[in-house]
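Enquirer: Turn these sequences into a full structure, and let the hints steer you where they fit.
Protein chains in written order, with this note's numbering: chain A, 1 to 160; chain B, 1 to 286.
Hints listed in this document are in silico derivations from the structure and should not be mistaken for laboratory results. Owing to the predicted nature of the structure, the values given are computational and were not obtained by experimental measurement. Cβ coordinates follow ideal geometry from the N, Cα and C atoms, glycine included. Where hints are given, some of them may not hold.
[What the hints assert, rightly or not] Rough simulated footprint, nothing fancy, chain B against chain A, three-plus residues with beta-carbon under 8 angstroms:
1. 7 to 20
2. 42 to 54
3. 76 to 82
4. 107 to 113
5. 121 to 131
[What the hints assert, rightly or not] With a straight-line cut-off of 27 angstroms between C-alpha atoms, the simulated DSSO-like cross-links for lysine-lysine are:
6. K94(A) x K152(A)
7. K56(B) x K202(B)
8. K115(A) x K94(A)
9. K115(A) x K56(B)
10. K42(B) x K64(B)
11. K115(A) x K88(B)
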Amino acid sequence: MTTITVTINGVRYTSEVEPRLLLVHYLREHLNLTGTHIGCDTSQCGACVVHINGVSVKSCTTLAVQCDGAEITTIEGLAHDGQLHPLQEGFWEKHGLQCGFCTPGMIMAAADLLKRNPNPTDEEIRHGLEGNLCRCTGYENIVRAVRYAAEKMAAAQAAD
Amino acid sequence: MIPAPFDYYAPTSLAEALTLLQQHGDDAKILAGGHSLLPAMKLRLASPSVLIDINKVAELRGIKVNGTVEIGAMTTWSAIEHHTALAKACPAMTDAVGLIGDIQVRNRGTIGGSLAHADPAADMPAVVLALDAQIHVEGPNGPRAIAAADFFTDMLSTALEPGEIITTITFDSHGAGEGSAYAKFPHPASRYAIVGAAAYVKMENGQVTACRVAITGAGPKAERQPAVEQALIGTDGSADAVAAAAAHAGEGMDMLGDIHASAEYRRAMCKVYTKRALLRAIERAR
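Expert: If you want it as structure tokens, here you go:
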């Protein structure tokens, strides 16, 4: 067993973990943060995307021990003070989901995309979400949801 | 899926990593970006009893561009993809890296890890072959450089000796009249290359004076395409000359065939993607 200390959604956790424990299992089973989903479990579907030190990664292909000292953000950490993140709101408003299984990963990947490219074209949104698979929507409303969030975030910034 | 148990070490220097590798020998695997190794461990295709994670070895990261390009083995795809000086010095590298996996894979995957793994459908082997890169390694007998042409020995096999770790990859920056490009037919789900072609050309006084082409994805390992190169050198690099040269792509190679693409189809795509890569490289060289 190895001791790790990680900050997840602003909360510090110190845990004893087996080196082989995957980050996604640590989040879901040790900390009950079940918003991060396990889809394909083979690094292809993106349902398990979280941010490690601000960078989007697949938590099914990362060991928990590798995150010692890291800051992690999961879908549970996006809303603040009961206010949905603009991406969460966008998926709601634009009906960017049907079953919702891929949604946490979609939103976390989209958040990373908007950080690097605050005003993406539809083409860039599609390219930016190529690591996330949705089997319900055909992606149309997902692209609209991300565009909604980009516009809302730009408007909020202009108002500041 | 859960990997078999292993002991985990996270050294902070190359010297420490080499010592650990020496101590644990064949039981140990180096963990770089982990996007080939961890999936293999989850499927129990690999069950090393010791994992030496070199992500904390800062000296193995970074990109230097002047007359020579030097890329640290632990540099991530995303760092390479967004390096503007590198895109100018060697566009084939930037072309290829932007097509690897997806953003999350590129945030973790590393150039050294990919080369050491030598997946037959990985993009980077074709690129380093076309750039005539040197792969620098360090091991129990000190440092040595391996030419890319000697590095890939077979499917998933390289010239790395036990106990050696890749440290840097170096190649020349393009000068006047030089251009390069990478074109690929990606597998639609995994984004691995069904066929990928990397091309480098040098143009002087309207003539192709040097050319290197390599193909990945089609056979058990990435390979240079000497027949294509010889056919193009001495021509004016026109579309006709490129088409005639690209017709030799895949000659003498063993083609892989699977449910995604038959051997015959891969052979046809070798020609198509070689042509595309060459046309782009020539356009950049002019």
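Enquirer: Are there three or more residues in the region 107 to 113 of chain A whose C-beta lies closer than 8 angstroms to some C-beta of chain B?
Expert: holds (count 3)
Enquirer: How does the region 42 to 54 of chain A fare against chain B when you require at least three residues with a CB closer than 8 angstroms, holds or violated?
Expert: Per the Cβ count (5), the hint holds.
Enquirer: Do the alpha carbons of K56(B) and K202(B) lie within 27 angstroms of each other, as the hint requires?
Expert: Distance of about 39 angstroms is beyond 27 angstroms: violated.
Enquirer: Please count how many residues of the region 76 to 82 of chain A have a CB within 8 angstroms of a CB from chain B and say whether that reaches 3.
Expert: violated (count 0)
Enquirer: Taking only the CA atoms, is the gap from K115(A) to K56(B) under or equal to 27 angstroms?
Expert: Holds. K115(A) to K56(B) sits at ~25 angstroms (cutoff 27 angstroms).
Enquirer: Check whether the Cα positions of K115(A) and K94(A) lie no farther apart than 27 angstroms.
Expert: 21 angstroms, holds
Enquirer: Tell me if the straight-line CA distance from K115(A) to K88(B) falls inside 27 angstroms.
Expert: Distance of about 25 angstroms is within 27 angstroms: holds.
Enquirer: Taking a Cβ-Cβ distance under 8 angstroms as contact, does the region 7 to 20 of chain A have three or more residues in contact with chain B?
Expert: holds (count 3)
Enquirer: Going straight from one Cα to the other, do K94(A) and K152(A) come out at no more than 27 angstroms?
Expert: At roughly 13 angstroms apart (the allowed maximum being 27 angstroms), K152(A) and K94(A) satisfy the hint.
Enquirer: Given that the region 121 to 131 of chain A was listed as covered by chain B, double-check it with a C-beta distance under 8 angstroms for 3 or more residues.
Expert: Coverage by chain B holds here, the residue count being 3 at a Cβ distance below 8 angstroms.
Enquirer: CA of K42(B) to CA of K64(B), is that 27 angstroms or under?
Expert: 35 angstroms, violated
Of the numbered hints stated above, those contradicted by the structure are hints 3, 7, 10, listed in ascending order.
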